[in-house]
Amino acid sequence: MQTFEQLLAAWSRERRQDCYAAATRDAVLAVLEKEILRPQDFMLLLSPAATQCLEAMAARAHDLTLRYFGRAVHLFTPLYLSDICTNQCRYCGFNASNTQQRHHLTVEQALSEAKVIAHMGLQHILLLTGDARHVASPQYIGAVAERIKPYFASIGIEVYSMTTEEYAFLVSKGIDAMTMFQETYDPALYEWLHPAGPKRDYAWRLDAPSRAAAAGLRSVGIGALLGLDDFFQDAFCTGLHAWWLQKTYPAVDIGLSVPRMCPHEGSFAVPHPVDDIHFVQYVTALRCFLPRSPITVSSRESAFMRDHLVPLGITRVSAGVSTAVGGRVEQNDNVGQFEIADHRSVAAMQRALADNGYQAVLKDWEDCSVLPQIAPEESSVLCEHGGR
Amino acid sequence: MDDVFELGGIALTSRLFIGTGKYSADALIPDVCAASGAQVITVAMRRVEKGSEGIVGHIPEHMRLLPNTSGARTAQEAVRLARLARAAGCGNWIKIEVISDSRYLLPDGYETAKAVELLVKEDFVALPYINPDLYVARDCAQAGAAAIMPLGAPIGTNRGLRTKEMIGILIEEMTLPVIVDAGIGRPSQACEAMEMGAAACLVNTAIASADTPVHMAEAFRDAVRAGRMAFLAGLGAERSGGARASSPLTGFLHALGGEHADL
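Sequence order for the protein chains is Z and H.
Just so we're aligned, residue -18 is where the first sequence starts under our numbering, counting upward by one.
Just so we're aligned, residue 3 is where the second sequence starts under our numbering, counting upward by one.
Just so you know, the hints here were simulated from the structure itself, not pulled from any lab data.
Treat the hints with care, since some could be wrong.
Unchecked claim - Restricting the straight-line Cα-Cα distance to at most 20 Å, the calculated cross-link-like pairs of lysine to aspartate or glutamate (EDC-like) are: (1) Z:Lys154 / Z:Asp167; (2) Z:Lys15 / Z:Asp44; (3) H:Lys52 / Z:Asp44; (4) H:Lys123 / H:Asp135; (5) Z:Lys96 / H:Glu51; (6) Z:Lys15 / Z:Glu36; (7) Z:Lys130 / Z:Glu89; (8) H:Lys52 / Z:Glu127; (9) Z:Lys228 / H:Asp103; (10) Z:Lys228 / Z:Asp44; (11) Z:Lys154 / Z:Glu89; (12) H:Lys166 / H:Asp135; (13) Z:Lys130 / H:Glu51; (14) Z:Lys130 / Z:Asp348; (15) Z:Lys154 / Z:Glu127.
When you get a sec, could you build the whole thing from the sequences and use the hints?
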């Protein structure tokens, strides 16, 4: 079977550029008439020619989203466990060479934070750490998951790349979802952006979603950090990656995230800022190409942008977000990983969605792989009291 | 018209089953229930919240709950979700969904039939969601299913009775009720399924994602009723093509006269 690296190699940067240059408006409109889209169709939707067809793309994206997800948007929130990091990603607030004070929650502190989140009504939580195995080891992440599990329907992770065995270990601790950002699919740019630390290994990271899927995680999310490379390049590679994962692991829910950098993030000058038109083009093209894939938009985007993207294909949004470690139990001024643009609370997000004609879904998962076995006799007795 | 649908020991007068997913607000559900006239409503256990009323709290008391095992990828996982549903007070009806394909959400026939077998032994009224495959349907029947629920088209597609030929075979061959489940996008398609002899239709996406779900629920109520009445009334035979000479191929026999005149 073809690996993703092989597939990506078949779609070289030069081939992609040639395809984009040859795209026409008519070819884009023809794609929108097709039932099932192939990678070359997705590429046409991302092409410069497609910017003239945004309304038609949005109409199809809206229709597909309505059919497969309805008027329901899933809410989640991140919990930053640790900002200690050994990498020096040039664009990241947790860069190891930054001198800010670092923080790391104990399992009990993590539980306190998680309880605050559960109290907001959220049942889906995303655990994040820096890349520092000596403190935030898989065992530590597993221990946190096990401790907070009673409060959540779903626990996801967004951490460093692990081995298949480590992912399987986390599944056994109740983690069902993972997100891994490749940041950029261009190897040379990737190397420049990641001058030190374990994250330098491009191929190991590229293969992480596949290892996670093979290890039994139910939901695997990917994404490029928009703004690092030319939009057309990373946008296409992200969709291609998701498409390959979906074909290779049909039982796994393959999702996408669309993080976009502001033109200036800290002292890092974003090389290829992505404007709003291309951003909307990306979301609608992804929805048309991968109709049943969840798409997440984070609080990096403004409330205005998020509200308008929901009808076009976004199915997951974060709310009540803090990107700093330990910001919920005790208010502090710890440095966050990135600047938040949408500060709405869970309740405010619910209201905004309702005003927009959408429902916020707080629980959309039941981990049936680890549910305690309920003896038939016991459940029958309960049924007599509650069954209707 | 006295037309009762017996299912799992319950006498139903409505043959439209509805769902709870994809609404802009769960608060719409009571009005949709009323407008649809439905008596059975399916709810995904993955959406049911522990320790609070949540989505179930919006379902009127008179509705029969049909919890489903959405999210299960194996028979064992479906069994666990079914047990959880019963323990949560959702009764002993279970719509078995075992799906391990996230691209098309097509059901796994083998695991579904296994789940039916396991759950029937635990006294559940098992309603398996299946591809309209005669062998899978027979396996489910053999395992004790109360009805079978073949798809008209993949979930959420609103593409109608794409599997019409296969559903027709199931209606013809199976003694169990056939409830057409996914894919129905228009009231006319539900009507068509009922005209064919389906026992009932389950419709969710088409109602929940309509601009006005309550009106669409009403439209489906009438369509299902019309299709059922047409089926019971006995549809006239269809004739394809135009009028034909009465015996174009055997007319020459008339030339022989006498004994062949009745040809």
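Each hint, compared with the structure:
1. Of the pairs offered as hints, the one joining Lys154 of chain Z and Asp167 of chain Z is violated, with about 34 Å between alpha carbons and a cut-off of 20 Å exceeded.
2. At most 20 Å may separate the alpha-carbon atoms for a hinted pair to count; Lys15 of chain Z and Asp44 of chain Z meet this at roughly 14 Å.
3. A threshold of 20 Å between alpha carbons decides the hint, and for Lys52 of chain H with Asp44 of chain Z the separation of about 32 Å lies outside it, so the pair is violated.
4. A distance of roughly 23 Å separates the Cα atoms of Lys123 of chain H and Asp135 of chain H; the hinted pair therefore is violated under the 20 Å criterion.
5. Proximity of Lys96 of chain Z to Glu51 of chain H is assessed by CA-CA distance (about 17 Å); at most 20 Å being required, the pair is judged to hold.
6. Using a Cα cut-off of 20 Å, the hinted pair Lys15 of chain Z and Glu36 of chain Z holds, with the two alpha carbons roughly 17 Å apart.
7. Taking the CA atoms of Lys130 of chain Z and Glu89 of chain Z, the gap is about 13 Å. The hint holds against a cut of 20 Å.
8. Taking the CA atoms of Lys52 of chain H and Glu127 of chain Z, the gap is near 18 Å; set against the 20 Å cutoff, the hint holds.
9. Between the alpha carbons of Lys228 of chain Z and Asp103 of chain H the distance comes to roughly 9 Å, so the proposed pair stays at or under 20 Å and holds.
10. Taking the CA atoms of Lys228 of chain Z and Asp44 of chain Z, the gap is about 23 Å. The hint is violated against a cut of 20 Å.
11. For the given pair, Lys154 of chain Z sits about 16 Å from Glu89 of chain Z by alpha-carbon distance, which is consistent with the 20 Å threshold.
12. Among the hinted pairs, Lys166 of chain H with Asp135 of chain H is consistent with the structure: their alpha-carbon atoms are about 12 Å apart, no more than 20 Å.
13. At roughly 14 Å between alpha-carbon atoms, Lys130 of chain Z and Glu51 of chain H fall within 20 Å of each other, so this suggested pair holds.
14. Simply put, Lys130 of chain Z and Asp348 of chain Z have alpha-carbon atoms about 10 Å apart, close enough for the 20 Å limit, and the pair holds.
15. At most 20 Å may separate the alpha-carbon atoms for a hinted pair to count; Lys154 of chain Z and Glu127 of chain Z meet this at roughly 5 Å.
Hints 1, 3, 4 and 10, counting from the list given before, are not met by this structure.
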